[in-house]
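Given these sequences and hints, build the entire structure.
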Amino acid sequence: MTIREAIDTADRLKPNQYDYDTKVQWLSNLDGMIFREVVKTHDRQPMEMFHGYEKADSDTPLLIPFPYDDDVYVSYLHSQIDKANGET
Numbered sequence: 001m002t003i004r005e006a007i008d009t010a011d012r013l014k015p016n017q018y019d020y021d022t023k024v025q026w027l028s029n030l031d032g033m034i035f036r037e038v039v040k041t042h043d044r045q046p047m048e049m050f051h052g053y054e055k056a057d058s059d060t061p062l063l064i065p066f067p068y069d070d071d072v073y074v075s076y077l078h079s080q081i082d083k084a085n086g087e088t
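Counting from 1, one number per residue, gives the positions in the sequence shown under the numbering used here.
Hints in this document: simulated from the structure, not taken from any laboratory. Predicted model only: the values in this text are computed from it and were never measured. Where is the CB? At the ideal position from N, CA and C, for every residue including glycine. Keep in mind that a hint or two might mislead.
[Unchecked claim] So the derived label-pair ranges between C-beta atoms look like this:
#	residue 1	residue 2	range
1	86	48	33 to 39 Å
2	39	15	28 to 34 Å
3	59	16	21 to 27 Å
4	84	54	15 to 21 Å
5	44	8	31 to 37 Å
6	75	41	21 to 27 Å
7	51	8	19 to 25 Å
8	14	66	20 to 26 Å
9	61	15	22 to 28 Å
Okay, structure coming up:
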């Protein structure tokens with residue numbers, strides 16, 4: 001799943017007022033945690049550093065592969081939208 005696919009899917013399923021850059025930051029935060037807590041601790045030769053997606057192309061693939069990607073990224077974006085709205 002790419003950055004664009006995750007954001008488009010989340011927006012289609014839960015329309016919201018948050019801009020694209022905010023959602024990219026949320027995805028960067030999530031993949032930063034995944035990189036630090038999973039990839040670096042289990043991959044024998046991980047990439048040196050994860051720098052986030054702020055300067056990335058919207059077609060950049062996210063870290064979690066199919067078939068888990070949709071549930072993780074779309075659900076995370078939805079939870080961030082709810083959190084920003086003050087909803088539980």
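How the hints compare with the structure:
For the pair residue 86 and residue 48, the beta carbons lie near 38 Å from each other, so the given range of 33 to 39 Å is met. Restraint check, residue 39 to residue 15: a C-beta distance of roughly 33 Å satisfies the suggested window 28 to 34 Å. A hinted range of 21 to 27 Å for the beta carbons of residue 59 and residue 16 is consistent with their spacing of about 22 Å. A hinted range of 15 to 21 Å holds for the C-beta pair residue 84 and residue 54, which are about 18 Å apart.
The supplied range of 31 to 37 Å is met by residue 44 and residue 8, whose beta-carbon atoms lie about 34 Å from each other. At about 23 Å, the CB distance of residue 75 to residue 41 agrees with the hint of 21 to 27 Å. Roughly 23 Å separates the CB atoms of residue 51 and residue 8, a value that falls within the hinted 19 to 25 Å. The beta-carbon spacing between residue 14 and residue 66, approximately 21 Å, falls within the hinted interval of 20 to 26 Å.
The hinted range of 22 to 28 Å is satisfied by residue 61 and residue 15, whose Cβ atoms lie roughly 25 Å apart.
In summary, this structure violates none of the numbered hints.
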